[in-house]
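Work the whole structure out from these sequences, hints included.
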Amino acid sequence: MPMTLEKAQVTLPSDREVQVARSFKAPRTLVYRAFTEPKLVRQWLLGPPGWTMPVCEMDVRVGGAYRWRWRSNEDGTEFGFNGVFREVEPGKRLVHTESYDPGTTGQGMGDGEATITVTFTEDGGVTTVTSLMDFGSKESRDAAVATGMTDGMEQSYQLLERVLAQQPAS
Amino acid sequence: MTASDRLDATFLALADPTRRAILARLALGEASVSELAEPFEMSQPAISKHLKVLERAGLVSVSQEAQRRPRRLEGKPLGEANAWLEQYREAWEANFQRLDRLLEALQRKPAARTRRRKRSRR
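Taken in sequence, the protein lines are chains Y and W. Note that my numbering has the first sequence beginning at 1, numbered continuously upward. Note that my numbering has the second sequence beginning at 1, numbered continuously upward.
Think of the hints as simulated: they come from the structure by calculation, not from any bench. Take these hints with a grain of salt, some might be off.
To be verified - Calculated from the model, a selection of chain Y residues having no Cβ within reach of chain W, i.e. all distances over 12 Å:
#	residue
1	VAL10
2	PRO27
3	PRO54
4	GLY63
5	ASP75
6	PHE85
7	GLU98
8	LEU132
Said to hold, decoys possible - Derived coverage of chain Y by chain W (criterion: at least 3 residues anywhere in the stretch with Cβ under 8 Å from a Cβ of chain W; other residues may be distant):
#	segment
9	13-24
10	116-122
Glycine is no exception: its CB is placed at the ideal position from the N, C-alpha and C atoms.
Take a look at the structure:
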């Protein structure tokens with residue numbers, strides 16, 4: 001079923017996973033480049049306003065490493081992610097590990113390594129990117145979610161919306 | 001409890017399908033433990049265990065008035081979790097909207113880009 005996700009959609013495929021999906025009005029090959037070429041990645045993968053991405057190194061091939069680091073313009077705080085590419089199918093699919101680098105924040109985010117599978121599918125010039133994040137265990141996922149490194153649990157969020165809509169104002 | 005601890009408790013409580021179903025049921029109105037246990041293939045003690053987690057997170061309260069001690073939904077922690085989630089949703093969306101603009105710019109001037117792509121072409 002072709003579908004276009006104009007807003008980021010977040011779901012929980014299993015107890016240990018979070019999935020984020022979003023569609024872009026561009027061909028698959030171009031979207032793939034925006035996810036794999038450092039000079040493009042650092043232009044958009046920035047998080048909250050006021051953060052830049054001073055380190056963005058990506059050796060996109062099987063066994064190649066990547067290193068991402070963000071810095072707050074306000075107080076110089078840094079944190080990042082790094083990992084290794086496990087599968088690389090140009091234009092189609094990427095699998096990489098992801099470990100949290102607490103940088104100067106001094107804050108852990110649950111131990112362990114996540115495995116991220118990114119797939120690119122195109123339909124009529126619209127490319128949908130799906131990132132499946134497997135944290136290895138429910139505890140690690142919940143820790144990651146609770147620390148805010150993911151966009152959260154859309155299923156719960158939808159439930160919350162329904163629930164809140166039915167709540168009398170308190 | 002700090003705000004962060006409260007969110008942890010809220011998300012722990014929400015990270016279970018049975019507990020989410022209990023909340024959805026309570027959103028329709030208060031219910032006793034046996035009423036809550038009915039739609040699930042679970043014993044009342046098992047449901048009570050789930051209710052304890054929800055109560056610890058402040059998501060559900062127990063009414064002392066009636067003998068059947070109905071449970072009711074508490075909106076405030078959900079509101080906090082909702083606001084917190086929205087913040088991160090917006091962070092993702094901000095990234096993706098920047099990517100939208102970048103992709104648009106890349107498609108506007110394809111000639112300028114192809115020259116620089118040669119080396120990495122496969």
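Status of the hints after comparison with the structure:
Non-interface call for VAL10 (chain Y) relative to chain W: violated, since the shortest CB-CB distance, roughly 7 Å, does not exceed 12 Å. With 12 Å as the threshold on Cβ separation, the claim that PRO27 (chain Y) sits away from chain W is violated: the shortest Cβ distance comes to roughly 8 Å. At the 12 Å boundary, the C-beta of PRO54 (chain Y) stays outside the reach of chain W, the nearest C-beta of that chain being 17 Å off. The claim that GLY63 (chain Y) is not at the interface with chain W holds, since no C-beta of that chain comes within 12 Å of its own (minimum 17 Å).
The Cβ of ASP75 (chain Y) sits about 18 Å from the closest Cβ of chain W, beyond the 12 Å cut-off, so the non-interface label holds. With a closest Cβ-Cβ approach of about 15 Å to chain W, PHE85 (chain Y) is found to remain outside the 12 Å limit, as its non-interface label requires. Annotated as non-interface, GLU98 (chain Y) keeps its C-beta farther than 12 Å from every C-beta of chain W; the closest such distance is 16 Å. Under the 12 Å C-beta cut-off, the non-interface status given to LEU132 (chain Y) relative to chain W holds; the minimum distance is some 15 Å.
Only when three residues or more bring their CB closer than 8 Å to a CB of chain W does the claim for the segment 13-24 of chain Y stand; here the count is 4, and the claim holds. For the segment 116-122 of chain Y, the stated coverage by chain W is not satisfied: 0 residues place a CB nearer than 8 Å to a CB of that chain, which falls below the threshold of 3.
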